[in-house]
Amino acid sequence: MFFDLNEGLAGFPKSADFCVVGSGPAGMTVAIELARNGRSVILLEGGGVNASTESQELYKGEVIGDHYVDLDIARLRYLGGTSGHWGGWTMPQTELSFKKKPGFEDAHWPIEKKDLDPFLDKALSILEVSRPNSDVLLDREFGIKEFSISLSRVRFGLKFRDELSSSKNITCVTNANLTGLKTNGQHVVSATATNFAGQSTSIKAKHFVLALGGIENSRMLLWCNHQLNGKLVDSHSPLGRYWMEHPGYKVGHALVDLKIPKTDYYIPHLLLRYTEEVIKKLSILECDVVLEEIPAEDTKGLLRDLICVAPRIGEWAASLAGKNIVCGVSLIASWEQEPLWSNHVKLSETSRDRFGIPRVELHWKKTDRDRTTLQKVLTHFNEYLMARNRGRIKLEEWVFGKDGYPAKGDDGISYHHMGGTRMAQSAEKGVVDSNCRVFGQDNLYIAGSSVFPNGGQANPTLTIVQLSLRLANHLRQA
Amino acid sequence: MVFIWFVPFVFAPRRLLSKIHDNASAKNGAKFIKQGWVLQEGDV
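Top line first, the protein sequences correspond to chains F and E. So in my numbering, spot 432 of the first sequence is number 520, and the numbers just go up one at a time. So in my numbering, spot 7 of the second sequence is number 128, and the numbers just go up one at a time.
In case anyone wonders, no lab produced these hints; they're calculated from the structure. Since this is a predicted model, take the numbers as computed values, not measurements. Don't be surprised by glycine CBs; every beta carbon is placed ideally from N, CA and C. Keep in mind that the hints are not guaranteed to be accurate.
Stated by the list, open to error - Pairs of lysine to aspartate or glutamate residues, derived as DMTMM-like cross-links and limited to a Cα-Cα distance of at most 20 Å, are as follows: (1) Lys152/E / Glu381/F; (2) Lys517/F / Asp499/F; (3) Lys210/F / Asp194/F; (4) Lys187/F / Asp393/F; (5) Lys388/F / Asp164/E; (6) Lys188/F / Asp203/F; (7) Lys368/F / Glu183/F; (8) Lys152/E / Asp521/F; (9) Lys411/F / Glu364/F; (10) Lys155/E / Glu485/F; (11) Lys338/F / Glu234/F; (12) Lys347/F / Glu229/F; (13) Lys369/F / Glu193/F; (14) Lys152/E / Glu403/F; (15) Lys152/E / Asp393/F; (16) Lys347/F / Asp223/F; (17) Lys155/E / Glu484/F; (18) Lys148/F / Asp160/F; (19) Lys188/F / Asp521/F; (20) Lys152/E / Glu471/F; (21) Lys368/F / Asp456/F; (22) Lys411/F / Asp499/F; (23) Lys434/F / Glu145/F; (24) Lys155/E / Glu471/F; (25) Lys270/F / Glu485/F; (26) Lys368/F / Asp194/F; (27) Lys155/E / Asp393/F; (28) Lys155/E / Asp105/F; (29) Lys338/F / Asp530/F; (30) Lys434/F / Asp158/F; (31) Lys187/F / Glu364/F; (32) Lys453/F / Asp499/F; (33) Lys188/F / Asp393/F.
Stated by the list, open to error - Under 8 Å between C-beta atoms, here's a sample of chain E residues computed to sit facing chain F: (34) Lys155; (35) Gln156; (36) Gly157; (37) Trp158; (38) Val159; (39) Leu160; (40) Gln161.
All chains, full assembly: derive it from the sequences and hints.
Structure below.
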């Protein structure tokens, strides 16, 4: 059943087994899974069935630190959430992501990969993709692997709209903006939903799940906690802290004697990552290097450039290019950030939205460790190319500079918002426990990438869906 | 002769890497950067 809160506060149930707030991949997965198992769910979506300016405006905020895109274009606020414009790249987290890494003691999950694996096939089925191919080891000594992704075209709002309409167990209330929570101390009693006319209603449930997105989960918990004088979240919890992205940049070009696979969804490209051993040896976190084929004319230009600068190797490359062995590629590198206390979501002290809630202030800055990671990743790749006579790379000047990154458009941005309400074994280390329950409340849960304690190397959506299925499974037994 | 580059470039101090990039055609023994290209002796 659908109800539009803008059309009035009456006419729909105000209590259910579960209240899920947010209808993106996380919230929708939890809500649908619980409803399919016979539980009553009220699903609150702040936006409408379609995108609107007035809803999107609520996502405005400020980024303090490094270059970032405007926060109201970095995410979508309507049915289906940001899946309305996601890129669809789907891959599971690596084994390494769940392990402790020397030098990055906090950057690991309190659960194991085997805790998520049982939900992989179902998550893939929701995303309507097959399991990506296993990694192929290209060079044992250099620890270079080719990896694959699957491409999902699922938009959660479109996919589940009919089911939301026909389901007797879900009441989906649109234009229902979360503006507050009430707790009796350890137990959330109700959520306040407010329409765009400023009228509010109270929703009661046995359990509450916040699935507002990788920034809004922190913002709304900070706000609700503030309203409740700190009685919502354990005072030791690092709420809003350890926010992360996957910085990624076009770092240059290369002429390579490597097979660049063709795909039906994108220009030919080769996806590379390093083995666990190499990552540990280099003392970096996870990373990838993408080689994207460039047009033949651009390859010729690159060859001419190389011949001019280094005639011997240039002529070698040109001779192979004549046999279609060498091709020109763009080099793109992206990496997992170290989780840092200083990168955080904060409530603005100067700007509020139409509901009087402080807008978000996102503090995000890359560190020397980010630059070192990028340099090590590329240096190792160059070592491989030279040692195996597989080509040469041409790097952008900033890569080995001391500071500064390109800062135009979406340079360096993957739109992957992670952390802020991270999962940990204790309230001192995180905001939610291994079942995504907020420390300090017995019936408040968080779904989405804000619970990620590290970024890993994978695009986050598949993990979000796996975690949401796991959460729904846990809640069914609650 | 791959093995002559036994000391991996990857372990070159960052300061040094920055330095060789600043001086675009300066040679660092085995490997150097010239007009953005990462090259090694014998390439030019």
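Here's how the hints hold up against the structure:
no.	hint	in the structure
1	Lys152/E / Glu381/F	26 Å, violated
2	Lys517/F / Asp499/F	31 Å, violated
3	Lys210/F / Asp194/F	29 Å, violated
4	Lys187/F / Asp393/F	44 Å, violated
5	Lys388/F / Asp164/E	18 Å, holds
6	Lys188/F / Asp203/F	16 Å, holds
7	Lys368/F / Glu183/F	13 Å, holds
8	Lys152/E / Asp521/F	49 Å, violated
9	Lys411/F / Glu364/F	35 Å, violated
10	Lys155/E / Glu485/F	11 Å, holds
11	Lys338/F / Glu234/F	19 Å, holds
12	Lys347/F / Glu229/F	19 Å, holds
13	Lys369/F / Glu193/F	16 Å, holds
14	Lys152/E / Glu403/F	19 Å, holds
15	Lys152/E / Asp393/F	18 Å, holds
16	Lys347/F / Asp223/F	15 Å, holds
17	Lys155/E / Glu484/F	12 Å, holds
18	Lys148/F / Asp160/F	5 Å, holds
19	Lys188/F / Asp521/F	17 Å, holds
20	Lys152/E / Glu471/F	10 Å, holds
21	Lys368/F / Asp456/F	18 Å, holds
22	Lys411/F / Asp499/F	35 Å, violated
23	Lys434/F / Glu145/F	18 Å, holds
24	Lys155/E / Glu471/F	16 Å, holds
25	Lys270/F / Glu485/F	54 Å, violated
26	Lys368/F / Asp194/F	15 Å, holds
27	Lys155/E / Asp393/F	11 Å, holds
28	Lys155/E / Asp105/F	66 Å, violated
29	Lys338/F / Asp530/F	45 Å, violated
30	Lys434/F / Asp158/F	16 Å, holds
31	Lys187/F / Glu364/F	10 Å, holds
32	Lys453/F / Asp499/F	14 Å, holds
33	Lys188/F / Asp393/F	44 Å, violated
34	Lys155	5 Å, holds
35	Gln156	5 Å, holds
36	Gly157	4 Å, holds
37	Trp158	5 Å, holds
38	Val159	5 Å, holds
39	Leu160	5 Å, holds
40	Gln161	6 Å, holds
Of the numbered hints listed earlier, those contradicted by the structure are 1, 2, 3, 4, 8, 9, 22, 25, 28, 29 and 33.
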